[in-house]
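Asker: One-letter residues, chain by chain:
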Amino acid sequence: MNWLLGLFEPGHALGLLAYSPPGWGGPLLVGLAHTMEVAVGAYILGTVIGVMGAYGKLYGGPVTKDLMAVYTTCVRAIPELIEILILFYLVPEVVNQVLTGMGYGRIDLPPILVGTVVLGFVLGAYMTEVLRGAILAVPHGQVEAARAYGMSALQVARRVTLPQMLGYALPGMANLWLNLTKDTALLAVIGFNELTETSLQAGGTTKAFMLFFTAAGVLYMVISVASGRLFAMAERWARRGQPGIRGGGI
Amino acid sequence: MKAFFAPMMKTHRLVLLALAVAFFGWLWWTLDWSWLPDYINNGLILAGLWTTIWMLVVSWAVGLFLAIWLGLAQASGPWYLALPAKGFCSVIRGTPLLLQLWFFYYGLGSVFPEFPWIRQSAAWEILRQSWPYALFALTLSFAGYEGEVMRGAFLGVPKGQLEAARAYGMSRGTILRRIWLPQAIRRVLPTIGGETVMQLKSTPLIATITVLDLYQVSLHIRQDTYIIYPPLLLLALTYMVITGLIVLLFRIVENQVPSKLG
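So the protein sequences, as listed, match chains A and B. Just so you know, we're using the numbering used here here: the first sequence kicks off at 1 and counts up by one. Just so you know, we're using the numbering used here here: the second sequence kicks off at 1001 and counts up by one.
What the hints contain is simulated information worked out from the structure, not anything from laboratory work. Mixed in with the good hints there might be a few duds.
The following label-pair restraints were derived from C-beta to C-beta distances [what the hints assert, rightly or not]:
{"id": "1", "chain 1": "A", "residue 1": "GLY141", "chain 2": "B", "residue 2": "ALA1164", "range": "41 to 47 Å"}
{"id": "2", "chain 1": "B", "residue 1": "LEU1019", "chain 2": "A", "residue 2": "LEU113", "range": "27 to 33 Å"}
{"id": "3", "chain 1": "B", "residue 1": "ILE1252", "chain 2": "A", "residue 2": "GLY26", "range": "51 to 57 Å"}
{"id": "4", "chain 1": "A", "residue 1": "GLU93", "chain 2": "B", "residue 2": "ILE1053", "range": "31 to 37 Å"}
{"id": "5", "chain 1": "B", "residue 1": "LEU1014", "chain 2": "A", "residue 2": "ALA226", "range": "46 to 52 Å"}
{"id": "6", "chain 1": "A", "residue 1": "ASN179", "chain 2": "B", "residue 2": "ALA1061", "range": "46 to 52 Å"}
{"id": "7", "chain 1": "A", "residue 1": "LEU58", "chain 2": "B", "residue 2": "SER1110", "range": "49 to 55 Å"}
{"id": "8", "chain 1": "A", "residue 1": "MET36", "chain 2": "B", "residue 2": "THR1225", "range": "45 to 51 Å"}
Glycine residues also receive a C-beta, built at the ideal position from the N, C-alpha and C atoms.
Isolated chain B, as found in the complex (with noise of 0.2 Å):
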């Protein structure tokens, strides 16, 4: 703690804290923010926050979990194999998100009815609902970008570590799991919680599907009460507290890895 309010005891910066608190204040007290028990009490806003952080996590891992074998073919893999997972990284990270969320949602949605078999198995209940569609971008779109940073990280493992671990007579699948993956993970987590926070950053694009997540609430607030600011500098604060949970997280997850690498 000493650490933390050792820095602040300066002139300046006691400041510059009393100008924040004073203009949190101002905000505070000029705003109307009468709205906020209704929609607290009502659930809406913690309905849009759940949404927004189950669509976070679920994109995340299995993002996370589909960039690995998309870094793996392309550091490793024969071309045939290589090549379409750069292509799909390529267009991923060439094409912006909001595009491809809008090509799944109105582009697929729209030739799926056309398929009767579509419309009428048991996945249907699900397909005409928004949320599969802005899952399935975000995941992918996740993917894309985690794609090349795990590419440049399991290229990055020292050849030493892999000749010593086929010396020792470990199979393809045992060198990946014991040796190969955990080395190159620890090598890009900084990496993966900057891409994490970004990620956070992209999933309010959802709201434009008609996914109610916080975003989509804060429109609602606004359309119901014609409040602009008040609702929209709450959600600007709660995305930087997640911001700073998200950061705090994976800070505690490096500092549990050996941080000397060969």
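So that you can see chain A by itself, here it is in the shape it has in the complex (with noise of 0.2 Å):
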């Protein structure tokens, strides 16, 4: 082992990835660390607009469900990258009107605040649609049977359509959290310092930009295949109980 890590030590081959100064590794997982905030934030954001937003599209009222078509539709249009620009100077000029006009002062949002709310924003359009379809999939009789034990619409989605729904709608999650975790990477273009960003601004002081936009890929798969594994574990969990489909497991 010692060779090893003996290749990372300053004068080594892979030294500029060390963990201390002159090696850039330290800074490598704090852009690490910041992509991995981001997409877990908007992606709790996107989940919530997502259940609102499937709600809203199945059993809202007409005004409801026309503007979230708007919605979903226009989001899923438009680049990400131009959604993510214009979201990024509207949010914090209407926060800040709005604290101005409450009479308060005005605030310096922090980037990686407006880039959460606007990737959970752009992934909550995604989200609708993929738990509408799961909403769906619950056979509509288990929704009958519930209410007729009396159970609020409330207690209806808790108990039986979340619950139920959550076999289907997983594998449309999973495939949204890789995508979403990829999409970290374009808050890039607005200078914030996630993984992709860092990555850049080490190969640019050193010179070496394949080294680092490898190492940065890395670390993107490690994520995207560790998350894969967590995400089947999950569905096996949550289609604990069902007939299995095409004879079951993966």
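Put the two chains together into one complex, using the hints given.
Answerer: Here it is as structure tokens:
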């Protein structure tokens, strides 16, 4: 093992990736942490929007349905990069106008917060469609039975619809998570120091672009492989007790 | 036309429509659009549109061609072809396109000048520009995503079709050309349509390596005039229109092919 660690000492082939300052390992890991923070935050926000959007699309009044259709259609038709750019200027401006309107002073929103909100808003549109399909896949008899027991709408959702639709929704949700981790790289364009931006800075300083982009690529691959496993486990758990499709097991 | 207008004739839809028209009118009157004629007349917007479209078309066509072989290798190739093809698709699908783009542009772009024979060759005139790297990255990305789609498509064609073709005495190339590929493509036409829209939405990334596409043009306008929102809104509208055209085109093509599959 010693020769392997020796490779990462300053002066060796991979010395630039060392954790402490002549190497860029530390900043890269910080970038990875930022990427994960934004991705997790945006995923939670997007799922909340998605649940509300899916219920709005299925059970809402005519106006809610139309507004939801406009939201999902527009967000999915415009490139994410441009949405991020528009919202990145718009969100702080709107927040500040509301604040000054209420008599408070202007505040500087941290980029990590704006990035999370923007990505969550975009993800919400895709999540709405995934969850809507999954809710429709729950057999209608289940919902009727729950209503016959006298459950309120909220209880039906919490006890019957949401747990049962999870098995149908998780494959789509896993895809959205993988797309989201990759979409966080778009925040590099507005100068947020997540993994891709950090590796560009590291490459620019040391001229070893190939090395740092490869290292960042490996980290992204690790995220995607690991989260693929986790989602497969979650899907098996969510489908427990359901008859297997295609002979069960992936 | 009637089928289009009839669902619109509901009170709440008419109100929403009126609100939308009012909103666009408000955008038109309150925001500063005075820059628009200048940039149409000096051809910058058209040049950007042209770059975006030809990048999309060329990367789509070459990417799909590569994807057919990637899918074929994974579906029925020997392990020494299937394994690299699978690895390629996983890496492309597992890392952000922006990272791949920068890898080629900054990485390869900084390695090439170190070889004198590349600098002196005729290709250097092209390799020192940024668009080859953009086209290369977009093409590989589309090939990676579609390779996975094509793998499923090839595996989805019923075995009986291929056995019947073999029984007719067709060679492997003929089977691929006449039976396997056409049926596989037909199955995934809707998927490819969706992926084409995704590909369109990833083209603005090439502006980050200084290619003059639509997005880059809007950045230029913003730098020249200090106007932020109108160029971006026009850009979003343009992409929505192109998306609509792609969806329409694929719907026409899907209607051309018989929908009853074996």
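Asker: Hints the structure violates: just list their numbers, smallest first.
Answerer: 6, 8
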